[in-house]
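Visitor: What follows is the residue order along each chain.
2 protein chains.
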Amino acid sequence: MKAAVFIEPGTVEVHEMDMPTLQKPTDALIRVVRASVCGSDLWWFRGIAQRTSNSTVGHEAIGIVEEVGSEVSSVKPGDFVIAPFTHGCGHCAACRAGFDGNCLNQEPGGNGGYQGEYLRFAHADWALVKIPGQPSDYSDDMLDSFVTLADVMATGYHAAVSAEVSAGSTVAVMGDGAVGLSGVISAKLRGATRIIAMSRHEDRQKLAREFGATDVVAERGDEAVKKVMELTEGAGVDAVLECVGTEQSVDTAVQLGRPGAIVGRVCVPQKPEMNTNNLFWRNIGLRGGVASVTTYDRQVLLEAVLDGTIQPGKVFTKHFDLDHIQDAYDAMDQRTAIKSLIEISK
Amino acid sequence: MKAAVFIEPGTVEVHEMDMPTLQKPTDALIRVVRASVCGSDLWWFRGIAQRTSNSTVGHEAIGIVEEVGSEVSSVKPGDFVIAPFTHGCGHCAACRAGFDGNCLNQEPGGNGGYQGEYLRFAHADWALVKIPGQPSDYSDDMLDSFVTLADVMATGYHAAVSAEVSAGSTVAVMGDGAVGLSGVISAKLRGATRIIAMSRHEDRQKLAREFGATDVVAERGDEAVKKVMELTEGAGVDAVLECVGTEQSVDTAVQLGRPGAIVGRVCVPQKPEMNTNNLFWRNIGLRGGVASVTTYDRQVLLEAVLDGTIQPGKVFTKHFDLDHIQDAYDAMDQRTAIKSLIEISK
Numbered sequence: 027m028k029a030a031v032f033i034e035p036g037t038v039e040v041h042e043m044d045m046p047t048l049q050k051p052t053d054a055l056i057r058v059v060r061a062s063v064c065g066s067d068l069w070w071f072r073g074i075a076q077r078t079s080n081s082t083v084g085h086e087a088i089g090i091v092e093e094v095g096s097e098v099s100s101v102k103p104g105d106f107v108i109a110p111f112t113h114g115c116g117h118c119a120a121c122r123a124g125f126d127g128n129c130l131n132q133e134p135g136g137n138g139g140y141q142g143e144y145l146r147f148a149h150a151d152w153a154l155v156k157i158p159g160q161p162s163d164y165s166d167d168m169l170d171s172f173v174t175l176a177d178v179m180a181t182g183y184h185a186a187v188s189a190e191v192s193a194g195s196t197v198a199v200m201g202d203g204a205v206g207l208s209g210v211i212s213a214k215l216r217g218a219t220r221i222i223a224m225s226r227h228e229d230r231q232k233l234a235r236e237f238g239a240t241d242v243v244a245e246r247g248d249e250a251v252k253k254v255m256e257l258t259e260g261a262g263v264d265a266v267l268e269c270v271g272t273e274q275s276v277d278t279a280v281q282l283g284r285p286g287a288i289v290g291r292v293c294v295p296q297k298p299e300m301n302t303n304n305l306f307w308r309n310i311g312l313r314g315g316v317a318s319v320t321t322y323d324r325q326v327l328l329e330a331v332l333d334g335t336i337q338p339g340k341v342f343t344k345h346f347d348l349d350h351i352q353d354a355y356d357a358m359d360q361r362t363a364i365k366s367l368i369e370i371s372k
Numbered sequence: 027m028k029a030a031v032f033i034e035p036g037t038v039e040v041h042e043m044d045m046p047t048l049q050k051p052t053d054a055l056i057r058v059v060r061a062s063v064c065g066s067d068l069w070w071f072r073g074i075a076q077r078t079s080n081s082t083v084g085h086e087a088i089g090i091v092e093e094v095g096s097e098v099s100s101v102k103p104g105d106f107v108i109a110p111f112t113h114g115c116g117h118c119a120a121c122r123a124g125f126d127g128n129c130l131n132q133e134p135g136g137n138g139g140y141q142g143e144y145l146r147f148a149h150a151d152w153a154l155v156k157i158p159g160q161p162s163d164y165s166d167d168m169l170d171s172f173v174t175l176a177d178v179m180a181t182g183y184h185a186a187v188s189a190e191v192s193a194g195s196t197v198a199v200m201g202d203g204a205v206g207l208s209g210v211i212s213a214k215l216r217g218a219t220r221i222i223a224m225s226r227h228e229d230r231q232k233l234a235r236e237f238g239a240t241d242v243v244a245e246r247g248d249e250a251v252k253k254v255m256e257l258t259e260g261a262g263v264d265a266v267l268e269c270v271g272t273e274q275s276v277d278t279a280v281q282l283g284r285p286g287a288i289v290g291r292v293c294v295p296q297k298p299e300m301n302t303n304n305l306f307w308r309n310i311g312l313r314g315g316v317a318s319v320t321t322y323d324r325q326v327l328l329e330a331v332l333d334g335t336i337q338p339g340k341v342f343t344k345h346f347d348l349d350h351i352q353d354a355y356d357a358m359d360q361r362t363a364i365k366s367l368i369e370i371s372k
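Those protein sequences? They're chains B and S, same order as listed.
Adding 26 to a residue's 1-based position in the first sequence gives its number in my numbering.
Adding 26 to a residue's 1-based position in the second sequence gives its number in my numbering.
Hints were generated in silico from the structure; no laboratory data involved.
Among the clues, some could well be false.
The list treats identical chains as one, so a pair stands whether inside a single copy or across any two.
To be verified - Listed next, the in silico DMTMM-like pairs over lysine to aspartate or glutamate satisfying Cα-Cα at most 25 Å (straight line):
#	residue 1	residue 2
1	LYS252	GLU133
2	LYS252	ASP349
3	LYS297	ASP277
4	LYS344	ASP166
5	LYS372	ASP163
6	LYS253	ASP44
7	LYS50	ASP105
8	LYS297	ASP347
No experiment lies behind these values; they were computed from the predicted model shown.
Based on the provided sequences and hints, a complete structural model is requested.
Guide: Here it is as structure tokens:
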């Protein structure tokens, strides 16, 4: 089978590989229909994070179940599924508390290689999310939206859940990438009535407004704080979705909240050390981390896509086939695409 | 009138002072019945925090309203009240959101001098909490419990609210001082079914158990983490109340939580810089700050004291009169009292 592999920073290639096989009775083998490139893939693509040469890549996909282990009964061969990047077992304390992204039984090193024709999926019985029908029952746009439920849409939603966005909230969303835009969708889905998108790119501002942003602030740093304070009559916002991860973005996020606001962050912090007194003296909360993909898909996101309430697939502004995986990465690296979709099979 | 004043680190004296007067139409003048010494007073008493010589001290009291400004209508002379250390205006964005400890209209420099015969109280109309009847209607124990509603009990409760303790929670409480013990009371009041008190002093362990602790862990650091993990079958707790503020305590608190747990902290952090990756990778939340005293007293705490559900006044293990204010501070400084109460008038 064909799969994308990392060669060196800046280079991915499609290689012929051995078919993955079931390794545990809780595994499933999935034939990939569509996959996508994640902003976090750019970390190793750009050489910021280390990655082993010739390793398979990708962690967002939808597909058809080909084969299941003896302990998998919730899905069967032929089922159409979302393959989340998380692999919750469903029965540990973390999964039971709704934090399946931190499953206590996950495999060391994780489970990847979603940008290929087939993938092995761990903890398939609980973590896979079944989609009704078959790919041929859905439009291209709908299939794209399903792909976002493997990671990016659930990650944006995790920012909103972590920041405790609720009906009537005023929300600021830091970041206009696919995660930030998913954050805007999520804030609206949770009933926020005012959504301030922090964005300086016209195409992304437009999409943010389409997704529910009521205001756009292009400024950064102190100027951004000033602007948001003006928009909120000096009070600050009820919730901040931090979907960037840079030091400046996190610092600004903390300043945008009114006393008691929570910053929900879902991007790996670039600078771990933080002055938490800035939180303490204004009762600003800091929550977030890896998204609870399966939990959110089942609770709310799959239904919201199926009934047309949300169209997160619009974050895919460019489509590629597997043979053009390098172009898919380049487009995101050079910001000519918000997010790249890879069509792999029908 | 007589009031306690700070002389130099280690020394407080009672001086004859001018009577405080109303300075704003939103002020009230209070005759103090009982006051108390706060753990945070030890910061300047020990010379760790700077304080101006000859300044009046204290920020926890109950008393009788003597006089009110023209814009104060919710209380009148003769009313028996809790005088919180916080001074919420009741109408700004912070107060409306339930964070009156961060009122956006509070006076620069705050409002103190509660350890004296009279005090001027800012934002009296909203922030004061009326107690039914008169001091003579209540037992000494009940009066002591009312005093805790000016700060320490509400602060412990804020730790539990910030950590989002709910019915059925398993909770760890860092710190066995008056705040930590109030945290134990709060966890129980919010329905926690398992409360692990981190305490190494026998008298405090005993009081913690009386207040609702189901388990006591005397270890610190890695040994404490190991012990709590054993008690929770390797999962960690649902919520952590951080009532110490030292670097070690905060570090331990973060490690005690299961994925998704929140650390609710209410003590000024000794070391502001913190590695927040330890939070991110396990979805541990960090919330807390200054308590919402008036909000909590009105919502739940005053009623819980009045109906006997909670007896937070038991944290006062020593009683003094105003003339023995030095002894009251010494007792807390030398840990011969958990908390010192000052009887000032009837």
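Visitor: Compare the structure with each hint and give your call.
Guide: Hint-by-hint comparison with the structure:
1. Taking the shortest Cα distances, LYS252 and GLU133 sit within 25 Å of each other only across copies (23 Å), while inside one copy they are farther apart (45 Å).
2. For the homomeric pair LYS252 and ASP349, neither the shortest alpha-carbon distance inside one copy (47 Å) nor that between copies (50 Å) is at most 25 Å.
3. Proximity of LYS297 and ASP277 under a CA criterion of 25 Å is satisfied in both settings, with 11 Å inside one chain copy and 18 Å between copies.
4. When the C-alpha separation of LYS344 and ASP166 is checked against a cutoff of 25 Å, the pair qualifies only within one copy, where the shortest distance is 13 Å, while the shortest distance between copies is 74 Å.
5. In the homo-oligomer, the alpha carbons of LYS372 and ASP163 lie at most 25 Å apart inside one protomer (11 Å), although the nearest pairing across protomers, at 80 Å, exceeds that limit.
6. Taking the closest pair of Cα atoms, LYS253 and ASP44 never come within 25 Å of each other, the shortest separation being 55 Å inside a single copy and 46 Å across copies.
7. Within a single copy, LYS50 and ASP105 get their C-alpha atoms as close as 20 Å, which meets the 25 Å cut-off; across copies the closest is 72 Å, which misses it.
8. For a Cα distance limit of 25 Å, the shortest separation of LYS297 from ASP347 qualifies neither inside one copy, at 36 Å, nor across copies, at 51 Å.
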